[in-house]
Amino acid sequence: MTRKTGGNANETAADEAIDAEAITEGTGRGEVLRSPVPISFYGAVEPDTGEFIEDGHPLEGENIAGKVLVFPRGKGSTVGSYVLYGLANNGCAPAAIVNEETETIVATGAILGEIPCVDSPDAPLSTLEDGDTVEVDADAGVIRQV
Amino acid sequence: MHLTQHEEDLLESDNDAVRKAMELLVKLGDIYGAEEMIEIESAQASGISYKSIGDPGVEFLEGFAEEGAEASVPTFANPAGMDFDRWEEMGVDPDFAEKQQRIRDALQKMDIILSFTCTPYLAGNLPRRGQHVAWAESSAVSFVNSVVGARTNREGGPSALAAAITGRTPKYGLHLAENRQPTYRIDVEADIETQADFAALGSWTGRLVEDGKPYFTGIDAGGTDDLKSLGAAMAATGAVALYFVEGVTTEMEPPENVETATFGEAELQAEYDELTTADDPELVVIGCPHTSPEEIQDVATAVEGKTLTSDLWVATSGAVKTWADRNGYTDTIEDAGGMVLADTCNVVSPIEELGYESSATNSAKAATYLPGFCNQDVAFNDAETLLAEVTE
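As you go down the protein sequences, you meet chains Y and G in turn.
Final position of the first sequence in the numbering used here is 146; the numbers increase by one with none missing.
Final position of the second sequence in the numbering used here is 392; the numbers increase by one with none missing.
Here are some, though not all, of the chain G residues that point toward chain Y, as calculated from beta-carbon distances under 10 Å: (1) K20; (2) K27; (3) L28; (4) Y32; (5) G47; (6) G54; (7) P56; (8) E59; (9) F64; (10) G156; (11) G157; (12) P158; (13) A162.
Derived SDA-like pairs (lysine to any residue); straight-line CA-CA distance at most 20 Å: (14) Y:K75 <-> G:I31; (15) Y:K75 <-> Y:G50; (16) G:K171 <-> Y:T104; (17) Y:K75 <-> G:A239; (18) G:K99 <-> Y:N90; (19) Y:K75 <-> G:G156; (20) G:K171 <-> G:E39; (21) G:K99 <-> Y:D48; (22) G:K99 <-> Y:G43; (23) G:K99 <-> Y:N89.
Hints listed in this document are in silico derivations from the structure and should not be mistaken for laboratory results.
By construction, the Cβ of each residue, glycine as well, lies at the ideal position given by its N, Cα and C atoms.
Make the full structure from the sequences, and use the hints.
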């Protein structure tokens, strides 16, 4: 993707879009919260608040509710799927999820919780920076800077 | 993936649970490269114990039941964290029991049979050869694929539930004949006599072949309980979902041109040592996977008229326990100081909170999981030897 440079008049919105593979449906918009390491949702995130509580994890102390949560992949207990579902039921789900690879634990949770989710973006996850506001369009398989 | 009109309709269902279940199966099918769905004859739901799934699981099952989830094929439930009739005697905390009861209520609302067993094939759900099913308990998956000849992948809790609701599963993996061939050959030179020997062979093999499909030569005979123990162990130390035993489960000739290993007396002895970390168990458990009527009869014979010097649990399904009660085996075992428990086992119940620190078992599966899931030191041996050590 091309990040905003401010000076190029020929740049269009399309230049700022990252193509990705759709895992679920729907569109979510929010601030990016990125973890450089995988996430095990069970035991790491409070399902009724969205607070990230795992000791020593880069996201410890953050809240994932309403964020565009960017991380390489899920890991750990399959109960993680239920945590994502619980977050959605409690109104504390991420606005969207972007992975390098969405494995079955996160895919299952995102489908059950109806959380927009894409993977395999055609740019490194590190191009999405904390605080950027992006829109994840899982129907079109596109991530757009807002 | 090609979907039938009916399957397309399920994706557009007004019933939220049905729609999500179908979306989940289609997505998992995409991930695994399935070209279509296959109708299933039965399902088995895992992730039933409150100890395993915690509050997120309770909320999921209740929420999904509320959204209209209902099994459309016979669906059996895996073991729970307690015997529903005797949890107080077991010493289970009332808060745990309340959560476990909520799980049971949600399952009942979804029309799932409240079997609470890892051996549905001994308790009212026995598929036929070639039938497609969607089962989730790893030892039951191994048994129906390998001994019965039905076809299932190793499902997870939600995917098995989605299959139960929609009556179908994505057609990939072990649903396809071309994926049901041996990938490993194990030549067994040790004498495999007791059920624990089968279990030790299984735990050694599972570690070696991981998710491969081993073919065993050199095993003369194996009963249902022996094969149950062999498969359970391979599914615990590895992810084996299908195995073959020459002349016992298959008429297929031993495979050539696959990786081969030999299991001799030295490997057998080393495996017993590997699985044993304790020599003075506080609790002996027979029944991982859940016991057959014959195994309960054997325990009753071993302890009849004697007194147990440690605690003893015999874990089984409610169905099999009914027969043990009628035959007087339960009374014999309990007169000696043991308990025959239905619905649960020592791995999925909160035994570490009941004061136990060391356990004995004839199950290599239990011996594999007890240290991590239940903070137990473990003694592994055959049932006869274990029971002889704790009776007087």
